[in-house]
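Protein chains in written order, with full-length UniProt numbering: chain U, 1 to 555; chain S, 1 to 555.
It should be emphasised that the hints constitute simulated quantities derived from the structure, not laboratory data.
Keep in mind that the hints are not guaranteed to be accurate.
Put simply, identical chains are the same to the list, so a pair is met inside one copy or across any two.
In silico SDA-like links for lysine to any residue, alpha-carbon gap of 25 Å or less [said to hold, decoys possible]:
| hint | residue 1 | residue 2 |
| --- | --- | --- |
| 1 | LYS279 | ASN310 |
| 2 | LYS391 | PRO228 |
| 3 | LYS414 | PRO318 |
| 4 | LYS118 | ASP131 |
| 5 | LYS235 | GLY319 |
| 6 | LYS54 | GLY411 |
| 7 | LYS355 | PHE473 |
| 8 | LYS355 | ILE81 |
Protein chains: 2
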Amino acid sequence: MGKFLVLRDAYGSIQVIVSDDNSLVQNINHLPYETVISVTGTVVARPVGQENKKMKTGEIEIQLEALEVLNIATPQLPFSIREYNKAKEALRMQYRYLALRFPEMQRNLRLRSNVLMKMREYLINNCDFVDVETPTLFKSTPGGAREFVVPTRHPGQFYSLVQSPQQFKQLLMIGGIDRYFQIARCYRDEGSRHDRQPEFTQLDIEMSFINREGLIEMIEGLLLHSWPPELSSIKVPFDHITYNDAMELYGSEQPDLRIPYNIQNITELIKQSSTLMDKTDFEHNTFGSYAVVIPNSQDCLINSLKSQFNDMAKKQFPGAKLVQEKVTGDSWNSKLIKLFSEDVTKNIADKLNVKEGDTLFISFGEKADAQQIVGKLRVEYTNVLESKGRKIRSSDYLFLWVVDFPLFSPGETKDTLASTHHPFTQPHPDDMDLISRDPLKVRGLHYDLVLNGSEIGGGSIRIHNPALQTKIFDMLDIDKSQMYHLLEALASGAPPHGGIALGLDRLTCLLCNAQSIRDVIAFPKTMEGRDLMSGAPVPISSEEMEAYHIKTINV
Amino acid sequence: MGKFLVLRDAYGSIQVIVSDDNSLVQNINHLPYETVISVTGTVVARPVGQENKKMKTGEIEIQLEALEVLNIATPQLPFSIREYNKAKEALRMQYRYLALRFPEMQRNLRLRSNVLMKMREYLINNCDFVDVETPTLFKSTPGGAREFVVPTRHPGQFYSLVQSPQQFKQLLMIGGIDRYFQIARCYRDEGSRHDRQPEFTQLDIEMSFINREGLIEMIEGLLLHSWPPELSSIKVPFDHITYNDAMELYGSEQPDLRIPYNIQNITELIKQSSTLMDKTDFEHNTFGSYAVVIPNSQDCLINSLKSQFNDMAKKQFPGAKLVQEKVTGDSWNSKLIKLFSEDVTKNIADKLNVKEGDTLFISFGEKADAQQIVGKLRVEYTNVLESKGRKIRSSDYLFLWVVDFPLFSPGETKDTLASTHHPFTQPHPDDMDLISRDPLKVRGLHYDLVLNGSEIGGGSIRIHNPALQTKIFDMLDIDKSQMYHLLEALASGAPPHGGIALGLDRLTCLLCNAQSIRDVIAFPKTMEGRDLMSGAPVPISSEEMEAYHIKTINV
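Isolated chain U, as found in the complex (with noise of 0.2 Å):
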C-alpha cells in the first residue's frame, strides 16, 4: 500500500509514493499542506490500473527516496489550494499569496506574460516600434476630475498620476520618434466602477505619417502575431462598421457579432399607427421605433424578469418605451393591437417575420434611447438564455471595428459642445467645412476596436495643425494656456500622426475567459479601491502631512 503525497510546483504535480517499510513514511504523515518540499527518488510508471487519466502525470510516480522539509506550512491555512470555488474573493484578495497557487491564476498570469511578450517582439522585431517609458507623475489635464494628486514638497503644488500617456506620445512624435509604443500604467480614481481598477495597464501605440487604415492594418497584425495559439484562431481583416450602423443593427456601439439576432429598425411601420403618434408628443425627426426577436425562448420572460427589463428601460433610456411579447397562442398581439393598430401589428409581425415561440422586444420614442433599449435587451436576454443551458453565442473571437463616430457630443449645458472621445482627434477630411456649420455632424478619424461586446482599444488620426487646434479647443471652452505647450509642439515642425491604446487588462480577460479583471491581476484592488491584503489606503502620520504641506479634512 504505501503512503502517498502530491507534489506542486509552478509547472503541475505529480505524485511520490512511499512504501510502509519506508523509515520516511513516518514524516510524510505530520507534514502540513502546502508546505515546501525537496524530494529526491525514481521516476516509475505506476501498477498498471492505478494510472490517474484526469492528471497530466497520472501514468508516472516518484519512488521517495529522501525528503527535505525546506519551509513547514502552518497547518490552518485560510483556505485549501485544492477547492477553488470554497473561498470567496475577498478572501482569496486578502491571501492572495494563497490564491496565486491556483492552477487558474498560474495560467492566466502566465498566458498575460506571453501574449505581452508576443506584442513586443512584433512592434519591435517586425515594425520598428521604439518602447519609451513616459512620465507617471505630470500635471492635471484641464477638467481631468478623475485623477489622482500627489502632494510634492513644494508647498502646495501636486502632480497628477496620467491617465494615459496621450500628450507624451504626441510629443514624441513631434520630436521624431516616428514608431512609438509602450505598455504604460495608467491611472483613474473612478470610485467604485465595476470591473475597474485605480491603475490598469494599456498597450500604447503612436505612429507618425500613417492614415486611418494604416494603423488599423497594424494592429490586426500585432493582434494575429500574439493571439494565443491555444485558442481559436482569429481572421484578418476584422470587419469594419460605422457608428451609426452599429446603432443601427446593434443598438450598442460595442456590438457582440457572435449573437445571431440583429435590431430591426421599424420606425416607418410604426410611424403609420394613428393610435400611437395622435396620442403622444414625440419630436418627429428623431423619433424611431426598433424592434428585436429572441426566437423560441418566450417561455424564459417570466414576470419578473419582464420587470427588471421595463426598470433597466426606465431608468437608462428614459427617452423612450419598451414593449415585450411572449409570442404563444392567437392572441398574444392583443396589447400592440391596443397600443399601435390591428393593421399596424400585422405589418410589424410580418416584418420581423415573428414566430410561436418567439420573445419580440419594442422599442419606440428618442431614436437613441429606442435603439439602445433593445441592444441592450439583445444581449442581457441572450445571457439569460445561456445561463439556462441554451447555446447561442459561438465560441469564436469576433473583432470589429467601429468607425466614423461624432467627433463632438452635445455638452453638459445648451449650445456647448463636448468630445466624443478627446480633443486632440482628427476631424474626417470630408466634413471640414461642417466644422463651424453644423458640428455635431462632423465625424472624427476616431476607432474604436471591439472584441466579443467589450470595447479593447480606440484610437485616433490626431490633430496636428496648430490653428485647427486652436480652434477645436476654442470651440469645446478648453483653457489653451493649459494647454501651451502642446499646441507650440504642433507649430514646431509636427507630423501627421495616430495612434491607438488597447486595454490590455480587458483584453487579457477575455482571452483567458475569466469571470472578471481581478482574475487576471496579480495583486488587484477591490471595487472601493482597497488592497485586502495590507489593508491600503492607510492614514500617514502627521511628519508626512507636515513634508508634504497637507492636513486632512472630514476625517
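Chain U is already provided as a structure; the job is to place chain S on it using the hints.
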C-alpha cells in the same frame, strides 16, 4: 547651381537638390527649418567631388520632382537642431520635443529600447520567466520616509507610491510564480539629489529555489545576451570581491576597476610612528592608515585642488586625516618626516615604491574613513588627470560583484541596529550563531553589481523562515503589525527565494556614455522634480482638494 535642403527623419538625413529652373525653388526659399514635408524625386549619385564623407548618405542626393508641405514650422524656434551644445539643459527640457530630435537623444532612446527588449527575450524565451505587473499604489512601508503619498476618496486614508516591488515579488514566490521579472516603475521622493528622478525604472527579478551563485550566473547571462553589439564586449563570469576587500583595495563599495591604482594598507607602518601615535588619541583597534600613489602626476596637484581635497576629507570623513604630497626634489618628504619620523617615512616610501613625479595621498585615523578618503581621491584625482587630457581609464566595461556585506549597520541611536540593505536579507549561513551574540559581525547574502564604479544593481537571498524574519524585525525594532501579511505569507509554505534589481536608467546611461540619466529618459524632471515643459507640479482646484479630503498648509 540650384538650391538644396536637408531632409531628416528618425533614421538619418539626406540632401535634396532643386535646379534653378525648377519652379519649386521658390517654395523652398521660404520654408522655415524643421518644416515637415513630403518629397518625390529621384535618388542620384552626387556629382564627382561633391560627396560628403562625414554624412552617411553623403554619396547620394535626391533630385526634387514634387514637394508637399505637411506642416509648416514657426520660423523662430527656441534653438536649432543643428547646434546641440548651444542650448542649455533647462531650455532643452522646456522644449523637450525639440531636444528629442537631436541624433544623440534618438540614439539613446533607441538603444534603451533595444537593450530592454533583449533582456525580456532572455528572461522569457531563454529562462521561462513570467512578466508580472505589480501595483504602484500600495501601503507605506514602516519608516518609508521617502515615499510619495496619494490621497484617496476615503477621508484621511492614503496610498503610497512603491519604492520597489520588494514585497510583491516575495509574495509572488510564495504564490508559486517561481521566476518573476518586471521592468518596474518605482518612486522615491529624494528632494534634490544629483542625477536622481522622482520616478525611475528597474529590472526587478525574483526566483525560487535559487542560491546566490545561481542568481549571479543568471544575471551574467542576461547582460551578455542584451549587451549592445556596438560596444566593446564583456566577459563572464564577472569578478567577485568581498565588501571588506573592496574597502581595503579601493576604499569604496563601488570600485572602478578601470583605474589601475589600488589603495594600500600602511596601518602597521604608521603604528610604528611614536611621534604620531603618542600625540593622538586614536582608538587602537579601529585605527587604520591607507595610501594611494598616482604616478607621473605631481604637476597637477595645484594648491586650489589640494585645499578642495582637504575640505572634502574633513567634511565627509571627519574621523581621519589626509596628507597630500607631490613627490619632487629631495625634500619632498619633509612634512612626512616631521609627522611620522624619518624611519617610518622611509619605510612608507619603500613599501609604496614612490618615485619622482608621483602624487602621494596618505590617510590615517578611523579605518573606515581613512579607506574612503584615499578611495575617493583615487577616483577624483583620476578625473582631474583625465580632464587634462591624460588617458587613465581603459575603455572596457568592467563589472564586479561585491558580496559579504555586513547584514546590520549601527543604528542612529546607541545600541540600535539598522539594516545595511533591507530587513528581508538572509543572514550568511556560516554566521547564524553570531546573530544574537555579535550582530554587527554577521554577513548578509546580499550582492551588489558594480559597473565601472557605479552601482547598477543589488539583491539578496531572502529570509523564508517566518521565525527568523520575526527575530530580525524585532532586532531592527520594526513594527510587526505593519508586516503581518508578509509573516503570515512566509508561514503558508514559502519556498527559499532570492532576487535582484538593476537600475535601468543608470545602466543605460553608462551604455550610452551619456552625461546624465536625464539624457536617457524621454521626459525627465529637474533635480527639484519639475517638469519644465508643462510646469508640473502645480496647484490643484479646491474641488479636487475637497474630493480628497485635504487642505494645503504653509502655502
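Hint-by-hint comparison with the structure:
| no. | hint | verdict |
| --- | --- | --- |
| 1 | LYS279 x ASN310 | within (21 Å within a copy, 98 Å between copies) |
| 2 | LYS391 x PRO228 | within (24 Å within a copy, 54 Å between copies) |
| 3 | LYS414 x PRO318 | within (19 Å within a copy, 72 Å between copies) |
| 4 | LYS118 x ASP131 | both (14 Å within a copy, 12 Å between copies) |
| 5 | LYS235 x GLY319 | neither (39 Å within a copy, 73 Å between copies) |
| 6 | LYS54 x GLY411 | neither (59 Å within a copy, 57 Å between copies) |
| 7 | LYS355 x PHE473 | neither (53 Å within a copy, 74 Å between copies) |
| 8 | LYS355 x ILE81 | neither (50 Å within a copy, 73 Å between copies) |
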